[in-house]
Amino acid sequence: MNDHIREAHGLEVDEGQLPAEDWFERSETLQKLRRNKKFPTIWCSGCGIGVVMGALIRAIDHLGLKNDDVALVAGIGCSARMPIYMDYNTLHTTHGRALAFATGLKIARPDMKVIAIMGDGDALAIGGNHFIHAARRNMGITAIVINNSIYGMTGGQYSPTTPLNSRATTAPYGNIEPPFPICDLAVAAGASYVARSTVYHALELDKFISEAISKDGFSMVEAVSYCHTTYGRINKLGTAADMMRALKDTSISQTAYGNLSPEEKTNNTKIVRGNFVNIDRPQYTNSYSSLITRIQGGEQ
Amino acid sequence: MPDISPRPSLPGIAPAPVKKGPRGEVIIYARWCKGCRICVEFCPPKVLAMDPGEDYPRVVLPEKCTACHFCDTHCPDLAIVVRKLD
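Chains U and R, in that order, are what the protein sequence lines are. According to the working numbering, the first sequence holds residues -12 to 287 in order. According to the working numbering, the second sequence holds residues 70 to 155 in order.
A few of these clues could be false.
When the alpha-carbon atoms are kept at most 30 Å apart in a straight line, the in silico BS3-like pairs for lysine-lysine are as follows [what the hints assert, rightly or not]:
| id | chain 1 | residue 1 | chain 2 | residue 2 |
| --- | --- | --- | --- | --- |
| 1 | R | Lys115 | R | Lys133 |
| 2 | R | Lys103 | R | Lys133 |
| 3 | R | Lys89 | U | Lys24 |
| 4 | U | Lys223 | U | Lys257 |
| 5 | U | Lys194 | U | Lys235 |
| 6 | U | Lys223 | R | Lys103 |
| 7 | R | Lys89 | R | Lys103 |
| 8 | U | Lys25 | U | Lys252 |
| 9 | U | Lys223 | R | Lys115 |
| 10 | U | Lys194 | R | Lys115 |
| 11 | R | Lys103 | U | Lys194 |
| 12 | U | Lys194 | U | Lys24 |
| 13 | R | Lys89 | U | Lys53 |
| 14 | R | Lys103 | U | Lys235 |
| 15 | U | Lys194 | U | Lys53 |
| 16 | U | Lys194 | R | Lys153 |
| 17 | R | Lys89 | U | Lys235 |
| 18 | U | Lys25 | R | Lys133 |
Listed below are several chain R residues computed to face chain U (Cβ distance under 8 Å; list not exhaustive) [to be verified]:
| id | residue |
| --- | --- |
| 19 | Arg106 |
| 20 | Thr142 |
| 21 | His143 |
It should be emphasised that the hints constitute simulated quantities derived from the structure, not laboratory data. Here a beta-carbon is modelled for each residue, glycine too, at the ideal position from N, C-alpha and C.
Model the full structure from these sequences, guided by the hints.
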């Protein structure tokens, strides 16, 4: 119960609760939050986006980056609200255009670590072209795609990652479109680093995000989350805790997947977690600066 | 409000010996908690339980915490901090 509700009903404020200023000092993760914002966050109770926010802060902390050297770019949607709460350079852009703005930022400031945070609809439907072309050019951007299988903020319309035959408000009799395999798309488009984990495996997510940020070229991490408010309610999947437990049961590590027989691999319906690609290709801003040096009469 | 303090040890039965291994202290910030129950349902030694009169959890078995950091890494609202005790 919030304080204002408590006070309106004449109930006394619970003793032993700290003022927010003291809570921000409690851990290293909390110190990276922006103190002038209104907490708690706007997400529904139990939403996995908050877990990804914690993982991202721990990953940046682990790499020892300064707050001024990191830029977070986001589009529109539930997941795009994340940079608002974090104390780095942030850019809140139009729907689907997070990677387009991030490309401009990376060309202007090649020294900066640019991280684009997108939802599944933002990255693959509205911004699908930006996604494949950022991967093709190998821009030095880290894309974090939070996949909750639905358009949550606008009321549960089906998205490009809604599983086949599952329901949404715009597909009340079941979705007849097959979903986009995000990691396969990024690999085919030419990304340098592609990995996938779930919000249940939060520490694995930290590790993949920190590897992706330290990678020079285009890196993509798919964070499989859930939307219990719209997708879970329509498909009768239970509470946030039930859906998080389902992520544990319906995912399989890359090593375990490799040990399956060929028939089991073709019939596999589980989410495979792991690092699928980690290669070195010429990064766009490096090629661009060497081109400038060559044209301006340099030796290269 | 019902009593949710740690269960008292029964008379005649010696209290369980203190286990070895790391111990932790869980701190919950109720103002940020939205009561999603993820920490309560997943905590391996069941250190946390929902407060019956409120919509946030309380630490009911503090001595059982092994500082596994599941609750603070999975709290979507960053409302839990676990401190490892010496």
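Taking the hints in turn, this is what the structure says about them:
1. R:Lys115 to R:Lys133: 8 Å, holds
2. R:Lys103 to R:Lys133: 24 Å, holds
3. R:Lys89 to U:Lys24: 42 Å, violated
4. U:Lys223 to U:Lys257: 19 Å, holds
5. U:Lys194 to U:Lys235: 18 Å, holds
6. U:Lys223 to R:Lys103: OK: Lys223 (chain U) and Lys103 (chain R) at ~21 Å, within 30 Å.
7. R:Lys89 to R:Lys103: 34 Å, violated
8. U:Lys25 to U:Lys252: Violated, at about 47 Å.
9. U:Lys223 to R:Lys115: Roughly 27 Å between the alpha carbons, so the hint for Lys223 (chain U) and Lys115 (chain R) holds.
10. U:Lys194 to R:Lys115: 27 Å, holds
11. R:Lys103 to U:Lys194: 27 Å, holds
12. U:Lys194 to U:Lys24: Status holds; Cα separation ~28 Å.
13. R:Lys89 to U:Lys53: 38 Å, violated
14. R:Lys103 to U:Lys235: 22 Å, holds
15. U:Lys194 to U:Lys53: Answer holds: Lys194 (chain U) to Lys53 (chain U) is near 18 Å, not above 30 Å.
16. U:Lys194 to R:Lys153: 21 Å, holds
17. R:Lys89 to U:Lys235: Status holds; Cα separation ~29 Å.
18. U:Lys25 to R:Lys133: Violated, because 34 Å separates the two Cα atoms, which is more than 30 Å.
19. Arg106: 5 Å, holds
20. Thr142: 5 Å, holds
21. His143: 6 Å, holds
Of the numbered hints stated above, those contradicted by the structure are hints 3, 7, 8, 13, 18, listed in ascending order.
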